[in-house]
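The listed protein sequences derive, respectively, from chains H and R. Take the first sequence: its letters are residues -15 to 139, numbered as in the numbering used here. Take the second sequence: its letters are residues -15 to 139, numbered as in the numbering used here.
A hint or two may mislead.
No distinction is drawn between identical chains; accordingly, a pair holds when it is met within one copy or between any pair of copies.
[What the hints assert, rightly or not] List time: in silico DSSO-like cross-link candidates among lysine-lysine, alpha-carbon distance up to 30 Å:
1) K105 x K139
2) K43 x K119
3) K127 x K111
4) K91 x K80
5) K97 x K82
6) K14 x K82
Please keep in mind that the hints were generated in silico from the structure rather than gathered at the bench.
2 protein chains.
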Amino acid sequence: MNRPKFVRRASAAAIVALVAALPAVAQFAKPEDAIEYRQSVMTVMGAHFGRIGAMVQGKVPFDAKAAAENAHVVHEMSLLPFSAFGPGTDLGHDTKAKPAIWKDPAKFQAAAKDMQQQVVKLDAAAKGGNLDAIKTAFGDTAKACKSCHDDFREK
Amino acid sequence: MNRPKFVRRASAAAIVALVAALPAVAQFAKPEDAIEYRQSVMTVMGAHFGRIGAMVQGKVPFDAKAAAENAHVVHEMSLLPFSAFGPGTDLGHDTKAKPAIWKDPAKFQAAAKDMQQQVVKLDAAAKGGNLDAIKTAFGDTAKACKSCHDDFREK
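This is chain H alone, in the form it adopts within the complex (with noise of 0.2 Å):
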């Protein structure tokens, strides 16, 4: 499979991987240094998602190019967030991380990996700039954003 640069590099299976071998303090200095990272890493993927949501929805006028570049953003974006839910990343700041994160980590990485999935064909299909496979890839993308939260974010 052919799979773009920065997934090879940064696969799902490598990050998780990398949690596994690491101490959170490796990578944050504090727990709260990583539940900060994973907060922002959301609110800019949500922000560029939701501009290609306006557009899905006819609330703004298509812009190929625009979609591309947000969804650009959310692919890089959707690579990062989960290597700050290291051990230890469940207290010690405002979270809405649930501890199923913690108590069922299997479940938890393949709901990032889908999501992660459904974000390369989201960039894919935005580079391609056909209106119809971007709603398409969208609602896939929505859905796993919506399957995640639901299981394992606090509302």
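Given chain H, put chain R in place with the hints provided.
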């Protein structure tokens, strides 16, 4: 000049033009959304820049692959925050942004562009894998960050 693809796609000039052409509301529903977005971008950028810094300062062993991955993220993030300093985003959320940003936009944009150019060099140096080159580019980038923060961010 052969510039990286994403820089061509979203140059500082293009971002400035975009900010000038669109009301803030076109990109962010509320000023606080813009503020939270740009703060999030800075948090992510800072985390990855700091990881390169730890290698440059000898606090962690040099890992060329990790340096390149971190510089890649720094580069991506360096392109994002300046769309979120639009008119009306000087207030409305806890922000350290100084009024000078809106009083002297040309100076702010020049500082932003300088940072982005240093980051392009840092990204190139990190891809090259030579620690001495990374040290030089890291130092130049850190200077650009500090200079802009001194002028445009409250302590």
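Same-copy or cross-copy closeness of K43 to K119 [CA-CA at most 30 Å]: Only inside one copy: K43 and K119 sit 13 Å apart there, 46 Å across copies, limit 30 Å.
Reference check for the pair K97 and K82, CA-CA at most 30 Å: within, between, both, or neither? within (18 Å within a copy, 40 Å between copies)
Checking an output row: K91 and K80, CA cutoff 30 Å. Within, between, both or neither? within (17 Å within a copy, 39 Å between copies)
I want to check one pair: K14 and K82. Are their C-alpha atoms no more than 30 Å apart within a copy, between two copies, both, or neither? both (19 Å within a copy, 28 Å between copies)
Please work out whether the CA atoms of K105 and K139 approach to 30 Å or closer within one copy, between two copies, in both situations, or in neither? within (27 Å within a copy, 42 Å between copies)
Is it within, between, both, or neither for K127 and K111, if the alpha carbons may be no more than 30 Å apart? within (21 Å within a copy, 36 Å between copies)
Checked against the numbered hints listed earlier, the structure breaks none of them; every hint is satisfied.
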